[in-house]
Amino acid sequence: MKVPISWLKDYVDILLSVTELAERLTLAGLEVSGIEYLGIEGASLPWDRDRIVVAHILAVRPHPNADRLVLADVDYGAGQVETVVTGAPNLFPYLGKDIRHLNLKSPFALEGALLFDGHKDDGSKMVLRGRAVRGIMNRHMLCSEKELGISDDHTGILILDADAPTGMPLADVLGTAILDIELTPSMARCASIIGVAREVAALTGQRVRYPDYTNLPLEGPSLSERVVIKTENAPLNPRFCAALIEGIQIGPSPYWMQLRLRLAGMRPINNVVDVSNYVMLEVGQPNHAFDYDALRARADRYAGSGQPIQIITRLAREGERIQTLDGVERVLQPFTMLVTDPAGPLSIGGIMGGAESEVHAGTRNILLEAAAWDFINIRRSVQAYGLNSEAAYRFSRGVHPAQAWFGALRAAQLIQRLAGGVIARDIIDYYPAPPPAITVDLPLAEVRRILGVDLPPQEVRRILEALEFQVDEPEKDVLYVTAPDHRMDIGADVVGRADLIEEIARVYGYDRFPNTQIEDVMPPQRDNLALLHEELIRDLLVEAGLQEVMTYRLTSPQREALLCPPGATLDKRPYVTIANPINPERTVMRHSLLAGILDVLAQNLRQRERVVVFELGPVFLPSSEGSELPDEVPALCIVLAGQREPVVWQGSDTRLMDFFDLKGIIEALLEGLHVSRPTFQPADNPTYYPGRTANVLVDNETVGVFGQLHPLVQEAFDLPRQVPVLAAEIDLRCLETHIPSHFTVRPLPRFPVVRQDIALVVDENIPAQQVEAAIMQAGGRLLAGVRLFDVYRGAQIGSGKKSLAYTLTFSAEDRTLTDQEVARVQARIVRSLESSLGAQLRG
Amino acid sequence: MSDSPESIEILDRLAAEALAELEKASDSQALERWHTTYLGRKGKVTLSVRRVGELPKEERPVFGQRANQLKQRLEAAYEERVQLVKAQEIEKALVEGAIDVTLPGRPVLRGRLHPSTQTLRRILQIWADMGFQVYRSRDVETDEYNFQLLNFPPYHPAREMQDTFYTTQPDVLLRTHTSPGQIHAMREYCPQPIRVVLPGMCYRYEQITARSEIQFHQVEGLAVGYNIRFTDLKGTLTDFAQRMFGAGRKTRFRASYFPFTEPSAEMDVECILCNGKGCRLCKYTGWLEILGCGMVHPTVLQNGGYNPNRYSGYAFGMGVERIAMLRYGIEDIRYFWSNDLRFLEQF
Numbered sequence: 000m001k002v003p004i005s006w007l008k009d010y011v012d013i014l015l016s017v018t019e020l021a022e023r024l025t026l027a028g029l030e031v032s033g034i035e036y037l038g039i040e041g042a043s044l045p046w047d048r049d050r051i052v053v054a055h056i057l058a059v060r061p062h063p064n065a066d067r068l069v070l071a072d073v074d075y076g077a078g079q080v081e082t083v084v085t086g087a088p089n090l091f092p093y094l095g096k097d098i099r100h101l102n103l104k105s106p107f108a109l110e111g112a113l114l115f116d117g118h119k120d121d122g123s124k125m126v127l128r129g130r131a132v133r134g135i136m137n138r139h140m141l142c143s144e145k146e147l148g149i150s151d152d153h154t155g156i157l158i159l160d161a162d163a164p165t166g167m168p169l170a171d172v173l174g175t176a177i178l179d180i181e182l183t184p185s186m187a188r189c190a191s192i193i194g195v196a197r198e199v200a201a202l203t204g205q206r207v208r209y210p211d212y213t214n215l216p217l218e219g220p221s222l223s224e225r226v227v228i229k230t231e232n233a234p235l236n237p238r239f240c241a242a243l244i245e246g247i248q249i250g251p252s253p254y255w256m257q258l259r260l261r262l263a264g265m266r267p268i269n270n271v272v273d274v275s276n277y278v279m280l281e282v283g284q285p286n287h288a289f290d291y292d293a294l295r296a297r298a299d300r301y302a303g304s305g306q307p308i309q310i311i312t313r314l315a316r317e318g319e320r321i322q323t324l325d326g327v328e329r330v331l332q333p334f335t336m337l338v339t340d341p342a343g344p345l346s347i348g349g350i351m352g353g354a355e356s357e358v359h360a361g362t363r364n365i366l367l368e369a370a371a372w373d374f375i376n377i378r379r380s381v382q383a384y385g386l387n388s389e390a391a392y393r394f395s396r397g398v399h400p401a402q403a404w405f406g407a408l409r410a411a412q413l414i415q416r417l418a419g420g421v422i423a424r425d426i427i428d429y430y431p432a433p434p435p436a437i438t439v440d441l442p443l444a445e446v447r448r449i450l451g452v453d454l455p456p457q458e459v460r461r462i463l464e465a466l467e468f469q470v471d472e473p474e475k476d477v478l479y480v481t482a483p484d485h486r487m488d489i490g491a492d493v494v495g496r497a498d499l500i501e502e503i504a505r506v507y508g509y510d511r512f513p514n515t516q517i518e519d520v521m522p523p524q525r526d527n528l529a530l531l532h533e534e535l536i537r538d539l540l541v542e543a544g545l546q547e548v549m550t551y552r553l554t555s556p557q558r559e560a561l562l563c564p565p566g567a568t569l570d571k572r573p574y575v576t577i578a579n580p581i582n583p584e585r586t587v588m589r590h591s592l593l594a595g596i597l598d599v600l601a602q603n604l605r606q607r608e609r610v611v612v613f614e615l616g617p618v619f620l621p622s623s624e625g626s627e628l629p630d631e632v633p634a635l636c637i638v639l640a641g642q643r644e645p646v647v648w649q650g651s652d653t654r655l656m657d658f659f660d661l662k663g664i665i666e667a668l669l670e671g672l673h674v675s676r677p678t679f680q681p682a683d684n685p686t687y688y689p690g691r692t693a694n695v696l697v698d699n700e701t702v703g704v705f706g707q708l709h710p711l712v713q714e715a716f717d718l719p720r721q722v723p724v725l726a727a728e729i730d731l732r733c734l735e736t737h738i739p740s741h742f743t744v745r746p747l748p749r750f751p752v753v754r755q756d757i758a759l760v761v762d763e764n765i766p767a768q769q770v771e772a773a774i775m776q777a778g779g780r781l782l783a784g785v786r787l788f789d790v791y792r793g794a795q796i797g798s799g800k801k802s803l804a805y806t807l808t809f810s811a812e813d814r815t816l817t818d819q820e821v822a823r824v825q826a827r828i829v830r831s832l833e834s835s836l837g838a839q840l841r842g
Numbered sequence: 000m001s002d003s004p005e006s007i008e009i010l011d012r013l014a015a016e017a018l019a020e021l022e023k024a025s026d027s028q029a030l031e032r033w034h035t036t037y038l039g040r041k042g043k044v045t046l047s048v049r050r051v052g053e054l055p056k057e058e059r060p061v062f063g064q065r066a067n068q069l070k071q072r073l074e075a076a077y078e079e080r081v082q083l084v085k086a087q088e089i090e091k092a093l094v095e096g097a098i099d100v101t102l103p104g105r106p107v108l109r110g111r112l113h114p115s116t117q118t119l120r121r122i123l124q125i126w127a128d129m130g131f132q133v134y135r136s137r138d139v140e141t142d143e144y145n146f147q148l149l150n151f152p153p154y155h156p157a158r159e160m161q162d163t164f165y166t167t168q169p170d171v172l173l174r175t176h177t178s179p180g181q182i183h184a185m186r187e188y189c190p191q192p193i194r195v196v197l198p199g200m201c202y203r204y205e206q207i208t209a210r211s212e213i214q215f216h217q218v219e220g221l222a223v224g225y226n227i228r229f230t231d232l233k234g235t236l237t238d239f240a241q242r243m244f245g246a247g248r249k250t251r252f253r254a255s256y257f258p259f260t261e262p263s264a265e266m267d268v269e270c271i272l273c274n275g276k277g278c279r280l281c282k283y284t285g286w287l288e289i290l291g292c293g294m295v296h297p298t299v300l301q302n303g304g305y306n307p308n309r310y311s312g313y314a315f316g317m318g319v320e321r322i323a324m325l326r327y328g329i330e331d332i333r334y335f336w337s338n339d340l341r342f343l344e345q346f
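From first to last, the protein sequence lines are chains H and G.
All the letters of the first sequence, read from the start, carry residue numbers 0 to 842 under numbering that gives the first Met the number 0.
All the letters of the second sequence, read from the start, carry residue numbers 0 to 346 under numbering that gives the first Met the number 0.
In isolation and in its complexed conformation, chain H is listed as follows (with noise of 0.2 Å):
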């Protein structure tokens, strides 16, 4: 919100500077964002007091030489009169009349004055130099807003208000800085220069001036006679006030007026539209401007002439429509209140006026409405039809509905001192529903409890009443406490003391309060087991040389669709959809980490030969308990493309990476988890590459699949061809099942360890897992352990047969081995394996 500290100043007296006032006021929960300044220091233009004056324009008279431009006699309080050339069209009307009781008065500046230069758009400067124009000496000048800096309008020179003082510097006048506010839906009371005057009076210890409402000319017939109001749903519009100021004449509002709307980020319009709109903003309360011979002539219609509008307030029928004075025709919803007569409906209610009884130029008579309504419903309304106005905007946060009738008051005031007419003696107050007062009781003990601080029980009481809280004392150290009537922030009971202790602590500054630890006790202590483990898995792959990725949890079924080659049967499982996505790319939560991460290796490709990535994070299934909520399971993914070292000056090994070289990441990865012996298996599943993809199983149960990608998935992720892209995906719900709590270390051999290497010749179609499960089982305990170092396929021993050869480690815990015992196991291992898998000990 933007609050002219000028106009702030008509309510409360400001002592602190503009930057000090703003500090405070952030540190008090109303931040301000941003402060502007017109005319003054800090502004883009500060406004020379010495050299730009208001002007009293005594007369305009024609130039002698040219038709387009006159000259202006201005008294600028120097005691002499000044004449300026000027070619302002708004002065031409004035040509040779006598103006001077007209108190026209306009900015001048004279020579050496500062100003933004009016024929210009890119907001140059310049110093006013007098020269002649067409044959007269002009020194000085009249200036437009534009020149001033105060809007883009060069149509003409600004005309003031006739009682701005002659020879004041406009910086007295005009000049002020604007705070901009950000509003928490807490502090919706401040929505108003008033509500912020009562924040400025109780931080600084001012006292609030309200506008005066007594004594209003009230010399009109009776308005209950002629208008009926009432409503049917009292606690969607608990007040109703209306005000009748009939014999009205419609025109421009006055400079400082529209100017106090402008810098509050409003347009003006014509003197009613802009009271309304002014005692909104000054009051809060939002109000509205019907034209009474618009109600009139539909009462003539639905209950004949001479009897009563009749006024009701109710939620919208099915299919109602109302054209709103945006122009725009809508059907409401049920929910949403009305005010309507018997014909239809005439507004929505605290949200839109109706464009048939709109206030336009040839209005004579009005009806001016401020009402109160339910905050909840009216938002919920304004989401229904997208319509955020001002009023909206007040209305949906929550205003009182004491300041109902203030809104009223201060709004005929004010129509009627700008637009003349008279107002209805009586002004209408339906008030079906009045709100209880709040009152709190608040211990001080309990104010010592939540902040920690024994505040004095005189500083508390003075917080509060600065407030405009009421406070009673009835027993020693209990504060009965009752709200204001424009609050609606201040809860009962438990929540009533929370609200009042934050308005305590907020008052008396939360910087004042002292830091400390907590003497409480210490709760019972956690570890929590799956986050351990995941950041294990995390420090194991980073060792291993990856780099950990983190992707879009949100993807669409067509990207994960992908994962499919054509002809393989879909992943079927319902995907949690978001019914209002921020793009198509981003409409499911991921079933898989795999479409995200190939996307990543995509992209990094296209700059790099190498990429070795990993994500760990959830995805999200269909709930295994069949919950509305979906299974949001750890999932592991690793990738791996591309050469196996960077090519360096020292040469290295470039070769594309291949299936062993991520198995040999994941096996590092379960060996630092110690889970017990993994095995593998070959495995079938449509995104990888048949014959290329292995299933790792710990203790028989499958944890995950890798290997290398389908070429037709590689394809469709825009994957270069001629690279392998290999994948894994790992079950980490899965696996951690299987992580043990801890493991032991095997002690370190006493006595020499012997190392034979065999070649056997096996069958082509054994995978070597088996074969080095049956040396392992054939070796017995004095195997320790089994390498193989080489794999050989060729004409020396046969199509359909390759050698493979190990290294085996024997040893014994109690002695050193003899040549003897290591040979007998070998042979051992060789018969073994001749009778089981066929196996032949290569000469």
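Be aware that a few hints might be false.
[Claimed, not checked] Covered stretches of chain H (in silico footprint by chain G; criterion: 3 or more residues with CB under 8 Å from a CB of chain G, positions within the stretch not fixed):
{"id": "1", "stretch": "150–163"}
{"id": "2", "stretch": "446–458"}
{"id": "3", "stretch": "525–531"}
{"id": "4", "stretch": "597–609"}
Quick caveat, the hints were computed from the structure, so don't treat them as lab data.
All C-beta atoms in this analysis are idealised placements derived from N, C-alpha and C, irrespective of residue type, glycine included.
For chain H, the structure is supplied; the task is to place chain G on it using the hints.
Positioned in the frame of chain H, the structure of chain G alone reads:
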């Protein structure tokens, strides 16, 4: 001529010859050869000395003595020469062995954690030291947990502060903050006191720009007990800021509003770029907004199962990527999920 017997003369001549040859040997191999030629098992000196048996008896002692002296002399000369040549050779090798030490080293293919993980770990570590342990809860939440139990009634204006992704399931949404975890933790642990941190991914319906993303990590903290005070909140968070952003860094607490805390505050730290003087990063205020916090609202305590008249608590929440952006001078939040390795490898 000398009056020495002929045999001695032969020895002397051999000695002179050997010494002259030794002078000529200028590398290890030549010295090796020289040693074999003269002093080896079949070397000239060795053979000459062996001929002592062929000499007349009376000449033998003198010859023997002389021969031994000669052998020792030659061995000594040899050793001396070896040392010299070795020194020369090492000198030569050192000169020839010089390399261009400015050539790049062989690259180590190092892995790294994502900057969000690194920042998250740092934050969680600091809180762990203060006795706050990690409690995690789900990403896909109910309206009840994400809003209603946290004191955001339906259609309440506070909901406007958090633009929400809804799902096609009624009342199921993507959590907009980690705060639903407060209710989960309270309902699980009630009536025990609580000190937990709740990290997790949060989602907001926002246009993706340099300054806003649809997903981001948050870390929430919650302490509930019999005697948790506003001054404790200030103290603990100030300690956190000092460790996260540097000892001596100033903090300030501003009144603010969250439906689930009261009193509510936001904590700012002195700008880490300009040290409070005012710059582009802090929008010339000298302060950076770091986290929101407050005393747990009585309604929320009640919803968690705790009697607000007996228990009190505080809560705080901060954006992990925002903190990382401030710490590392990252100007575009989209870097985090774009996963360009040129960005990630800088960590």
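Quick rundown of the hints versus the structure:
1. 150–163: violated (count 0)
2. 446–458: With 5 residues closer than 8 Å to chain G, the stretch 446–458 of chain H meets the three-residue bar; holds.
3. 525–531: holds (count 5)
4. 597–609: Per the Cβ count (5), the hint holds.
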